[in-house]
Amino acid sequence: MTGSRPKSSPLDVLRPAAFGVDPSGERMARIRRSPHYADGVFTNPVAAQHTPSGSMLKFLPTYFRREERARRAPAGNVPVHPTTVADLATPAATGLRLTWMGHSTVLAEIDGRRVLFDPVWSERCSPFAFAGPRRLHPVPVPLSEAGDVDAVVISHDHYDHLDMPTVRALARHTGAHFVVPLGIGAHLEHWGVPEDRMTELDWHESTEVGGLTLTATPARHFCGRGLRNTQHTLWASWVVAGPEHRVFHSGDTGYFPGFADIGEQYGPFDATMVQIGAYSEFWPDIHMTPDEGMRAHLDLQGVPTRGVMLPIHWGTFNLAPHPWEEPVEGTVAAAARSGARVVTPRPGQPFEPAAGLPADPWWRAVAARPATPAAECPVRSRTVDGPGRAGATVRA
Numbered sequence: 020m021t022g023s024r025p026k027s028s029p030l031d032v033l034r035p036a037a038f039g040v041d042p043s044g045e046r047m048a049r050i051r052r053s054p055h056y057a058d059g060v061f062t063n064p065v066a067a068q069h070t071p072s073g074s075m076l077k078f079l080p081t082y083f084r085r086e087e088r089a090r091r092a093p094a095g096n097v098p099v100h101p102t103t104v105a106d107l108a109t110p111a112a113t114g115l116r117l118t119w120m121g122h123s124t125v126l127a128e129i130d131g132r133r134v135l136f137d138p139v140w141s142e143r144c145s146p147f148a149f150a151g152p153r154r155l156h157p158v159p160v161p162l163s164e165a166g167d168v169d170a171v172v173i174s175h176d177h178y179d180h181l182d183m184p185t186v187r188a189l190a191r192h193t194g195a196h197f198v199v200p201l202g203i204g205a206h207l208e209h210w211g212v213p214e215d216r217m218t219e220l221d222w223h224e225s226t227e228v229g230g231l232t233l234t235a236t237p238a239r240h241f242c243g244r245g246l247r248n249t250q251h252t253l254w255a256s257w258v259v260a261g262p263e264h265r266v267f268h269s270g271d272t273g274y275f276p277g278f279a280d281i282g283e284q285y286g287p288f289d290a291t292m293v294q295i296g297a298y299s300e301f302w303p304d305i306h307m308t309p310d311e312g313m314r315a316h317l318d319l320q321g322v323p324t325r326g327v328m329l330p331i332h333w334g335t336f337n338l339a340p341h342p343w344e345e346p347v348e349g350t351v352a353a354a355a356r357s358g359a360r361v362v363t364p365r366p367g368q369p370f371e372p373a374a375g376l377p378a379d380p381w382w383r384a385v386a387a388r389p390a391t392p393a394a395e396c397p398v399r400s401r402t403v404d405g406p407g408r409a410g411a412t413v414r415a
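Quick note, the sequence shown lines up with residues 20 to 415 if you use the working numbering.
These are calculated hints, taken from the structure and not from any lab test. Hints are supplied without guarantee of correctness; some may be wrong.
[To be verified] Here are the computed distance ranges between Cβ atoms for each label pair:
1) T249 x A150: 21 to 27 Å
2) F149 x E263: 45 to 51 Å
3) G151 x P377: 27 to 33 Å
4) N96 x E263: 46 to 52 Å
5) T232 x F149: 40 to 46 Å
6) A36 x Q284: 23 to 29 Å
Quick reminder that beta carbons are idealized off the backbone N, C-alpha and C, glycines included.
Let's have the full structure, built from the sequences with the hints guiding it.
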């Protein structure tokens, strides 16, 4: 047994099930043995700056300013691709097909197996159905029509990546095995996922599902779902390797030099799925800007023309003060400067990296204002070195 349920208390009736539970028992004992756990918390591979004192007082007026709030959402309907059950049921001709469902949710079909990254099908990324960031576009494909999956991979336990209703539905209606970072099994167990259908991994640990090797790799982020933000669940990026193809999913992360190490040890990759949205000067170390996301992709690949980059973590939820379209515009501009190959599918549009890449700038037709010139997209240059704890307090 990997964990045990914590003792109940009278306050449990006030705690939504979506908060999950803290790890305990044997699960917590394993966490304490991790080399990435010290003084009662998980630590980052590179120090993550604490939110500066008083920063929220500066952030809130910016976030709620009327004219800027309007730009953080599309002005029209996002053109979701009309994917059908038949589209997803037909095997990938080249052995690798990706379908970006929005935000960080990607269905990856790799050498005959299907892996679903960070699946969120709920209307809101929140513990409550009546409050919290709401979708800016519909789910491209109903979960019941997405087909069976072999593995569900979770990067960390924030609500826009770990969605209780989606997890419960996948546990009931598919035979998927859940592969997650250390500690997240406590949430899954609390929500009814059987112990024999989950595997928890530390960084650089691997497991095999259906002939695919899934490896948890480092990321620079933090964790937490409830009222207390204890660092008792790990966050991770992921490498999935099949007999013929391999892919990388960044989860949420700030930039750090370890991407080059990941690429050297586990790459090269046919495709990288890299976070490029929900960044801000108020939390500079836990999310990447478009330029930093491109830098991470280049570090992972070593050669600009090797593999393709799929930008993720943008377009679906309003989680930061930047304009809605800015992340993808900045990524396209960064790709043009570096010579990298970037793919920009509509939500729900399947594509095979070896068979041609969707490159239609569809977002420009629905952006609140014309596309931001590349020169205006945020660029940060910082030196990041040394181990440290995740200290950010803003969750996105």
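Inset, instruction - Against the earlier hints, flag every one the structure doesn't satisfy and list their numbers going up. - result: 4, 6
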